[in-house]
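In case you want the letters, here they are:
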Amino acid sequence: MNDSNASPEELLRRFQARIDAEQRIEPKDWMPEAYRRTLVRQISQHAHSEVIGMQPEGNWILRAPSLRRKAVLLAKVQDEGGHGLYLYSATETLGVSREELVEALHEGRAKYASIFNYPTLTWADIGAIGWLVDGAAIVNQISLQRTSYGPYARGMVRICKEESFHQRQGYEVILTLARGSAEQKAMAQDALDRWWWPSLMMFGPHDAESAHSAQSMTWKIKRQSNDELRQKFVDQTVPQAEFAGLVIPDPQLLWNAERGHYDFGPIDWEEFNRVVAGNGMCNRDRIAHHRRAHEEGEWVREAVRAHEERKRERAAQDAA
Amino acid sequence: MVPGQHMPLFEVFIRSRRGLDHKHVGSLHAETHQQALEYARDCYTRRSEGVSIWVVRSGDIVASQEEDAGEFFDPMDDKPYRHATHYRLPPEVDNM
Chain A
1 MNDSNASPEE LLRRFQARID AEQRIEPKDW MPEAYRRTLV RQISQHAHSE
51 VIGMQPEGNW ILRAPSLRRK AVLLAKVQDE GGHGLYLYSA TETLGVSREE
101 LVEALHEGRA KYASIFNYPT LTWADIGAIG WLVDGAAIVN QISLQRTSYG
151 PYARGMVRIC KEESFHQRQG YEVILTLARG SAEQKAMAQD ALDRWWWPSL
201 MMFGPHDAES AHSAQSMTWK IKRQSNDELR QKFVDQTVPQ AEFAGLVIPD
251 PQLLWNAERG HYDFGPIDWE EFNRVVAGNG MCNRDRIAHH RRAHEEGEWV
301 REAVRAHEER KRERAAQDAA
Chain B
321 MVPGQHMPLF EVFIRSRRGL DHKHVGSLHA ETHQQALEYA RDCYTRRSEG
371 VSIWVVRSGD IVASQEEDAG EFFDPMDDKP YRHATHYRLP PEVDNM
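So the protein sequences, as listed, match chains A and B.
Our numbering applies: residue 1 is where the first sequence begins, and numbers increase by one.
Our numbering applies: residue 321 is where the second sequence begins, and numbers increase by one.
Hints are computed from structural coordinates only; laboratory data are not their basis.
Treat the hints with care, as some may be off.
As the list claims (entries may be wrong) - Pair ranges (Cβ atoms, derived):
id	chain 1	residue 1	chain 2	residue 2	range
1	B	Lys399	A	Gly180	19 to 27 Å
2	A	Ala17	B	Ser372	16 to 24 Å
3	A	Gly82	B	Asn415	37 to 45 Å
Unchecked claim - Mimicking SDA-like on lysine to any residue, the simulated pairs with C-alpha atoms at most 20 Å apart in a straight line are:
id	chain 1	residue 1	chain 2	residue 2
4	A	Lys28	B	Gly339
5	A	Lys70	B	Ser372
6	B	Lys343	B	Ser372
7	A	Lys70	B	Gly339
8	B	Lys399	A	Val77
To be verified - With the C-beta cut set under 7 Å, the calculated list includes, among others, these residues of chain A facing chain B:
id	residue
9	Arg24
10	Val72
11	Thr122
12	Trp123
13	Lys161
14	Gln167
15	Gln240
The structure displayed is predicted, hence computed values, not measured ones.
Don't be surprised by glycine CBs; every beta carbon is placed ideally from N, CA and C.
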């Protein structure tokens, strides 16, 4: 079964057979170029989302209402940076460099989750992000633990393990506000009002309109469709909102006993497309900040290089 | 090579099944990477323990010392809020 002298058709057949048998594809296996390209696009987009997602939350680290909340938020944002690293590493196993990936982000050729183009206006937004945005991300990531590309699947397992506290701390913030003064409860409701629909959009277009879905399902890069995952998120989140005494901003939201799921109203895809196209509230800020952070870190990298250089010189002197 | 001197040491990592991480299983002496791979196959996978092997020169591995663990890992020990169990939620919503 040596790959080197098999025909392209035979290689493709073996590749798909492996996937159909629920086996993982590993970096040195033969894979179709389009599979590789799709993975680079999807995993790097996921990595960029983790890293850009640090910005809206980072905005509140210095203003968190107590030392405990500050420590928790700092730990969470630090986790997101780590998750970005796991995902960049998985992308690098596909033969693409970190420099290329970051350049694609800066030039707008690579996307990240649109939801991070919304601003965090109040402390309640930090609760809403943990509860809703991380909640939605977890639904997606649990499904991706079974994705066909080995390094991506293993990265997802690691991320899901660490992610477990993110949603809980967010819900705790929301619940605390919802049980506080009338003003605090209004803050929690306002955050839910603003973050609910963008959270539903995180799952991407409806299955019928999703550009990459069918092929990705055949290759088992995706394991469940956008609409299935979105429904799962709605079903698990509605009771949590009710428990907190908050109202989900969707007049059409209703339990459908026949389907065993909640029905919900139409998503504003025009808004989604506008934000994806770069015209959300914070798109330009997010990329400008990312560039600036890298540029402003140059003196640190320079200092590290100079320090190592000096250590080497000293060692050479001592040896002489 | 000086007579009686051993060949360089390699660390061996084995992926027991497709989809899992490579895991450290031991080490061996060999003259080259290729030879180390073959020895590792002969030593460590005699009962089909693996589907893929990595060999790395032991000298290329940089490791922290367990004696220094207190100092080295200290900053991580006092952050219980990194764990999901730190957040007590009412039973109605606890399956989060």
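Here's how the hints hold up against the structure:
Separated by about 26 Å at the C-beta atoms, Lys399(B) and Gly180(A) satisfy the suggested range of 19 to 27 Å. Checking the proposed 16 to 24 Å range against Ala17(A) and Ser372(B) shows it holds: the Cβ atoms sit about 19 Å from each other. One distance hint, 37 to 45 Å for the beta-carbon pair Gly82(A) and Asn415(B), is violated here, with the actual separation near 26 Å. In summary, the hint linking Lys28(A) to Gly339(B) is supported, as the alpha carbons are separated by about 13 Å, within the 20 Å threshold.
As the CA atoms of Lys70(A) and Ser372(B) are separated by approximately 44 Å, the hinted pair breaks the 20 Å bound. With a C-alpha separation of about 10 Å, the suggested pair Lys343(B) and Ser372(B) falls inside the 20 Å cut-off, and the hint holds. Distance hint between Lys70(A) and Gly339(B) is unfulfilled; the C-alpha atoms sit about 38 Å from each other, more than 20 Å. A distance of roughly 14 Å separates the Cα atoms of Lys399(B) and Val77(A); the hinted pair therefore holds under the 20 Å criterion.
The interface hint given for Arg24(A) holds, since its Cβ lies 4 Å from the closest Cβ of chain B, which is under the 7 Å cut-off. Residue-level restraint check for Val72(A) holds (minimum Cβ-Cβ distance to chain B is 5 Å; threshold 7 Å). With a cut of 7 Å, the hint placing Thr122(A) at the interface with chain B is violated, because the nearest CB-to-CB distance is about 21 Å. For Trp123(A), the shortest C-beta to C-beta distance to chain B is roughly 17 Å, which exceeds 7 Å, and the interface hint is violated.
A hinted interface residue such as Lys161(A) counts as satisfied when its beta carbon comes closer than 7 Å to some beta carbon of chain B; here the least separation is about 9 Å, so the hint is violated. Interface hint status for Gln167(A): upheld, as the beta-carbon distance to the closest one in chain B is roughly 6 Å, under 7 Å. Proximity of Gln240(A) to chain B holds as hinted, the smallest CB-CB distance being about 5 Å (cut-off 7 Å).
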